[in-house]
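Asker: What follows is the residue order along each chain.
Protein chains: 2
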Amino acid sequence: MSFPSDIEIAQQATIKPIKEIAKKIDIHEDDLEFYGKYKAKLPLSLQKEKPNGKLILVSAMSPTKYGEGKTTMSIGLVDGLNYIGKNAVAVLREPSLGPVFGLKGGAAGGGYAQVIPMEDINLHFTGDFSAIEKANNLLSAVIDNNLQNPKYSLHIDPKSIAWKRVMDMNDRTLRQIIIGVGAKGNGAMREDGFNITPASEIMAILCLSKNLEDLKFRLGNIYIGKTLDGKAIFSRDLKVVGAMAALLKDAIKPNLVQTLEGNPAILHGGPFASIAQGTNTVIATKTGLSLSDYVVTEAGFGADLGAEKFFHIKCAQSDLKPDAVVLVATIRALKHHAGLTADEFKAENVQSIEKGFCNLEKHIENIQKFGINPIVCINAFPEDYHSEYEKLIELCASKGVKALVSTAFAEGGKGSALLAETVISTIETASNNYHTLYSPENSITEKIEIVAKEIYGASNVNYTNKAQTQLNMINELGFNQFSVCMAKTPMSFSDDEKKIGRPTDFTITIREFEISSGAGFIVPLLGDVMRMPGLPAIPNAERIDIDNEGKIYGLS
Amino acid sequence: MSFPSDIEIAQQATIKPIKEIAKKIDIHEDDLEFYGKYKAKLPLSLQKEKPNGKLILVSAMSPTKYGEGKTTMSIGLVDGLNYIGKNAVAVLREPSLGPVFGLKGGAAGGGYAQVIPMEDINLHFTGDFSAIEKANNLLSAVIDNNLQNPKYSLHIDPKSIAWKRVMDMNDRTLRQIIIGVGAKGNGAMREDGFNITPASEIMAILCLSKNLEDLKFRLGNIYIGKTLDGKAIFSRDLKVVGAMAALLKDAIKPNLVQTLEGNPAILHGGPFASIAQGTNTVIATKTGLSLSDYVVTEAGFGADLGAEKFFHIKCAQSDLKPDAVVLVATIRALKHHAGLTADEFKAENVQSIEKGFCNLEKHIENIQKFGINPIVCINAFPEDYHSEYEKLIELCASKGVKALVSTAFAEGGKGSALLAETVISTIETASNNYHTLYSPENSITEKIEIVAKEIYGASNVNYTNKAQTQLNMINELGFNQFSVCMAKTPMSFSDDEKKIGRPTDFTITIREFEISSGAGFIVPLLGDVMRMPGLPAIPNAERIDIDNEGKIYGLS
Numbered sequence: 002m003s004f005p006s007d008i009e010i011a012q013q014a015t016i017k018p019i020k021e022i023a024k025k026i027d028i029h030e031d032d033l034e035f036y037g038k039y040k041a042k043l044p045l046s047l048q049k050e051k052p053n054g055k056l057i058l059v060s061a062m063s064p065t066k067y068g069e070g071k072t073t074m075s076i077g078l079v080d081g082l083n084y085i086g087k088n089a090v091a092v093l094r095e096p097s098l099g100p101v102f103g104l105k106g107g108a109a110g111g112g113y114a115q116v117i118p119m120e121d122i123n124l125h126f127t128g129d130f131s132a133i134e135k136a137n138n139l140l141s142a143v144i145d146n147n148l149q150n151p152k153y154s155l156h157i158d159p160k161s162i163a164w165k166r167v168m169d170m171n172d173r174t175l176r177q178i179i180i181g182v183g184a185k186g187n188g189a190m191r192e193d194g195f196n197i198t199p200a201s202e203i204m205a206i207l208c209l210s211k212n213l214e215d216l217k218f219r220l221g222n223i224y225i226g227k228t229l230d231g232k233a234i235f236s237r238d239l240k241v242v243g244a245m246a247a248l249l250k251d252a253i254k255p256n257l258v259q260t261l262e263g264n265p266a267i268l269h270g271g272p273f274a275s276i277a278q279g280t281n282t283v284i285a286t287k288t289g290l291s292l293s294d295y296v297v298t299e300a301g302f303g304a305d306l307g308a309e310k311f312f313h314i315k316c317a318q319s320d321l322k323p324d325a326v327v328l329v330a331t332i333r334a335l336k337h338h339a340g341l342t343a344d345e346f347k348a349e350n351v352q353s354i355e356k357g358f359c360n361l362e363k364h365i366e367n368i369q370k371f372g373i374n375p376i377v378c379i380n381a382f383p384e385d386y387h388s389e390y391e392k393l394i395e396l397c398a399s400k401g402v403k404a405l406v407s408t409a410f411a412e413g414g415k416g417s418a419l420l421a422e423t424v425i426s427t428i429e430t431a432s433n434n435y436h437t438l439y440s441p442e443n444s445i446t447e448k449i450e451i452v453a454k455e456i457y458g459a460s461n462v463n464y465t466n467k468a469q470t471q472l473n474m475i476n477e478l479g480f481n482q483f484s485v486c487m488a489k490t491p492m493s494f495s496d497d498e499k500k501i502g503r504p505t506d507f508t509i510t511i512r513e514f515e516i517s518s519g520a521g522f523i524v525p526l527l528g529d530v531m532r533m534p535g536l537p538a539i540p541n542a543e544r545i546d547i548d549n550e551g552k553i554y555g556l557s
Numbered sequence: 002m003s004f005p006s007d008i009e010i011a012q013q014a015t016i017k018p019i020k021e022i023a024k025k026i027d028i029h030e031d032d033l034e035f036y037g038k039y040k041a042k043l044p045l046s047l048q049k050e051k052p053n054g055k056l057i058l059v060s061a062m063s064p065t066k067y068g069e070g071k072t073t074m075s076i077g078l079v080d081g082l083n084y085i086g087k088n089a090v091a092v093l094r095e096p097s098l099g100p101v102f103g104l105k106g107g108a109a110g111g112g113y114a115q116v117i118p119m120e121d122i123n124l125h126f127t128g129d130f131s132a133i134e135k136a137n138n139l140l141s142a143v144i145d146n147n148l149q150n151p152k153y154s155l156h157i158d159p160k161s162i163a164w165k166r167v168m169d170m171n172d173r174t175l176r177q178i179i180i181g182v183g184a185k186g187n188g189a190m191r192e193d194g195f196n197i198t199p200a201s202e203i204m205a206i207l208c209l210s211k212n213l214e215d216l217k218f219r220l221g222n223i224y225i226g227k228t229l230d231g232k233a234i235f236s237r238d239l240k241v242v243g244a245m246a247a248l249l250k251d252a253i254k255p256n257l258v259q260t261l262e263g264n265p266a267i268l269h270g271g272p273f274a275s276i277a278q279g280t281n282t283v284i285a286t287k288t289g290l291s292l293s294d295y296v297v298t299e300a301g302f303g304a305d306l307g308a309e310k311f312f313h314i315k316c317a318q319s320d321l322k323p324d325a326v327v328l329v330a331t332i333r334a335l336k337h338h339a340g341l342t343a344d345e346f347k348a349e350n351v352q353s354i355e356k357g358f359c360n361l362e363k364h365i366e367n368i369q370k371f372g373i374n375p376i377v378c379i380n381a382f383p384e385d386y387h388s389e390y391e392k393l394i395e396l397c398a399s400k401g402v403k404a405l406v407s408t409a410f411a412e413g414g415k416g417s418a419l420l421a422e423t424v425i426s427t428i429e430t431a432s433n434n435y436h437t438l439y440s441p442e443n444s445i446t447e448k449i450e451i452v453a454k455e456i457y458g459a460s461n462v463n464y465t466n467k468a469q470t471q472l473n474m475i476n477e478l479g480f481n482q483f484s485v486c487m488a489k490t491p492m493s494f495s496d497d498e499k500k501i502g503r504p505t506d507f508t509i510t511i512r513e514f515e516i517s518s519g520a521g522f523i524v525p526l527l528g529d530v531m532r533m534p535g536l537p538a539i540p541n542a543e544r545i546d547i548d549n550e551g552k553i554y555g556l557s
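Line by line, the protein sequences give chains S and P. Just so we're aligned: the first sequence equals residues 2 to 557 in this note's numbering. Just so we're aligned: the second sequence equals residues 2 to 557 in this note's numbering.
If you are wondering where the hints come from, they were derived from the structure by calculation, not from laboratory data. Any given hint might turn out to be false.
In this list, chains with the same sequence are indistinguishable; a pair is considered to hold if it fits within one copy or across any two.
Here are the simulated BS3-like cross-link-like pairs (lysine-lysine), alpha carbons at most 30 Å apart as the crow flies [as the list claims (entries may be wrong)]:
1) K400 with K347
2) K66 with K415
3) K415 with K38
4) K552 with K392
5) K356 with K499
6) K87 with K51
7) K24 with K250
8) K20 with K250
9) K38 with K24
10) K38 with K211
Turn these sequences into a full structure, and let the hints steer you where they fit.
Answerer: Next up, the structure:
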């Protein structure tokens, strides 16, 4: 018998009423806003200003296209911590709906390390993404309505509008569109486009907001574009901040679900990891830390993007501080970074581990630069060899780092028990000198240089003429205290995805900037960034079904 | 002190836990899927095949732009029925989000006849509209993906595609758009457009489906367009019916809320009343009839559209049968149909009531043609005169019809108690020879003629050349057994909204047809139909706000 699929495992699990899960972390039933029996929203009042819990960040080496299983390892670690008797909560992102119909088929962990009910989590969940989509698109409608009504006009220069519409769907034909075609009543004609909903700045804002007041403040700060005479226009000028915030009244509350082993998991927010900070909400993280001794959270892509943004954006804006960092590695990814191709992955190859280690090594060094010694979690796959594990553990040890194999995918929390022990002892005994590599006072170019040179290992940073011009505008707008949120390929430390391993002696080019003044960061674009995925020739949508009794098939 | 606003009244009400409301109609708490404390989804299993409840339809005379208060009167009648000791449930449409930001500001009744929590009901509610939007747009994405991938292509003729995207937002610039602009990877360029979500055929389908199996069957029957060699393409050919149905797994379940007086209200579905059938779901109506002695439901616009479609589409497809019909009238609307202008409405004018009665009279006669004698409910406004009420009551009596004043807006159920008594005695004593005016065997043109002549009072029906050609295609596709769902201005019995009162001796022109083969009807278009509203110069969105404690302002 082959290993069951994710949805088969999830559907065979005994799911507990969410009020029982809540009880585990001392949440009273009356404080729950139920969404069916197995999901609940948590009130903002559970979030303490200075929570006591320890924060464990799960990041990874530079990923391959197969995925390194960060979410699975994060869930496995929470189950592992609970397995050894600790009180731990997973605080993770919500999956985006679009990719469910594309290639991925779902994003709620895998194997025996999943969050459930996975069908609900992957399909609409509690409506947060829809609410964000509506708030985003209300702003778009109001911008175009302003263009349409000269009497109340802000005299927006249509060519300057930086705000796009969003839809949580993999729909490439909406990337670049012409709107307002036809009759005068159809509005002003201009070019626009749809991004996928997690790429909305509203998503980034929701994830970084401390409370409703902060949310409204940030929503008002969104940069829209310029007037015909060059004055910056912000969302607040369009008078719909209240309506946008009202649309987010429930989306701002964290969602409680459970792992397959009945441990609490808070899923909330899901910003793009490329052009935004890529991690769940500050409110969810603080709520988790207020309710539990240990919070395990995840930062998108490799640590050069995910962890760096976690530290310089999320933690910097919210007074959060990581107590431990786990780097997920796979034998497959090490072989990839050694230059092997997919058909070569299955053969035992200890030399390739040695060769590909350079990538993981750089991520280890990077985390050490932030004052934390990471722990390496090797996500076990059936085709791995013990000799390869041994080599990897030895290589990590040479950097002063502990590496452990997790079999959470196949075994759940038991398979991450040793990792959990190591994380606990590291938090309790290792020195933690956590600090950021730059501060708000650094200029935007200094911040970029620091990240590019210290984290990526670049020797030089170039700016296009366009980027230079935009830099001037950013400084004029007084946005130079913002963090930088680098938009770069996750496949390489450099801005060229073909440079695998640990590239050296390379230059990165800042082609363009985007302003996320509501979220509080500037986005330097280091290459083409995909904000609206497409569907593959045979989309996963063709595999999804529901029977007459409501049972769902084809998610993973 | 002025009369409080809708949202002030709603926020001052004592709202009961939804499980208490459920208990009133014998629903066990375990059968509820809570969405917070005050909303719940009901399982499909509560719906009986042959329910015992009596079905009361609330329709209206030809509306004015001010609205005649059908929803308010429907809620008032339910509260009135409960006030006089009956067991009655409101089964109504869900409001669309778009108009909340436009002119309307909400659609959950008014004054002391509202459903609550009105903030939730008006903003996202339980996510049904979002789910419908996603199912609609997944189909669009898959159509364009098919155009993009020659290897798996159905050879769809892009110019023939009849399926549009939807968004629940008043956004006129999306009415007519060009998609797929730019690089080859951005998909095939073609013209498309967004309708507002309630105009999606998926909404009509959800509202007419008996169960999940029927839903899937209907989803598969959606007409998409033609191949390059002229063969019809249906949704099922694109292999995403399962995924679309999976997206609707929760949306298919009815939603339970409460009136201000704590009576049960089931809100479910909200199809456009112009191009679709305009009433709540069959499942919700049958669930209400299974749980309660009396169900009060509403059909959009005037009875020439709302009631006619209710009978010929909803009832015909689902074996439902109305036990009573209430026609809502206002003094204002009668004066309008007498030719008075807004500034003349406030003066006492009994003659105008006599003159404007011709409109209500025709609606009364129409309902009588279906074998039911209607009851007229006069929605009381502060500026009305008793002499006007008396004249109207006398005029209705001359048609053998009882007319009663309802003060439910100002007084809640008490204000509709007399109306409720009359409805009950009518159901118990009056003869009910309900029958439709056409049957599936009639041809499409016969059905159109019957509606146009019998209901509208037209003397002739013309067809454009385009409509003639489309008729042939409809017959070739074997769709002639479908009902017709007339798309006509609601402001007049004719297709010219300026012809108020009771126009005679007029011709209607069928300009075009649309095929809703999933919903099971053909839409004859009798004029321009707005499927995507715009925002007014000062949209209601500017008045909506939320304070730091989460209290919402500016809905109505």
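Asker: Next, verify each hint and record whether it holds.
Answerer: These are the hints, each one checked on the structure:
Within a single copy, K400 and K347 get their C-alpha atoms as close as 27 Å, which meets the 30 Å cut-off; across copies the closest is 87 Å, which misses it. Proximity of K66 to K415 under the C-alpha cut-off of 30 Å is restricted to the intra-copy arrangement: shortest distance 28 Å within a copy versus 66 Å between copies. For a Cα distance limit of 30 Å, the shortest separation of K415 from K38 inside one copy, 27 Å, qualifies, whereas the shortest one across copies, 37 Å, does not. With identical chains, the CA atoms of K552 and K392 are never at most 30 Å apart, being 45 Å at best within one copy and 59 Å at best between copies.
With identical chains, the CA atoms of K356 and K499 are at most 30 Å apart within one copy only, with a shortest distance of 16 Å there and 81 Å across copies. Taking identical chains as interchangeable, the C-alpha atoms of K87 and K51 lie at most 30 Å apart only when both belong to the same chain, with a minimum of 21 Å there against 55 Å between chains. Taking the shortest alpha-carbon separations for K24 and K250, both the intra-copy value of 25 Å and the inter-copy value of 29 Å come in at or below 30 Å. For the identical chains of this complex, K20 and K250 are neighbours both inside a copy (22 Å) and across copies (23 Å), given an alpha-carbon limit of 30 Å.
For the homomeric pair K38 and K24, the shortest alpha-carbon distances inside one copy (14 Å) and between copies (18 Å) are both at most 30 Å. Taking identical chains as interchangeable, the C-alpha atoms of K38 and K211 lie at most 30 Å apart whether they share a chain (28 Å) or sit on different chains (25 Å).
Violation of the numbered hints given earlier is confined to hint 4; every other hint is satisfied by the structure.
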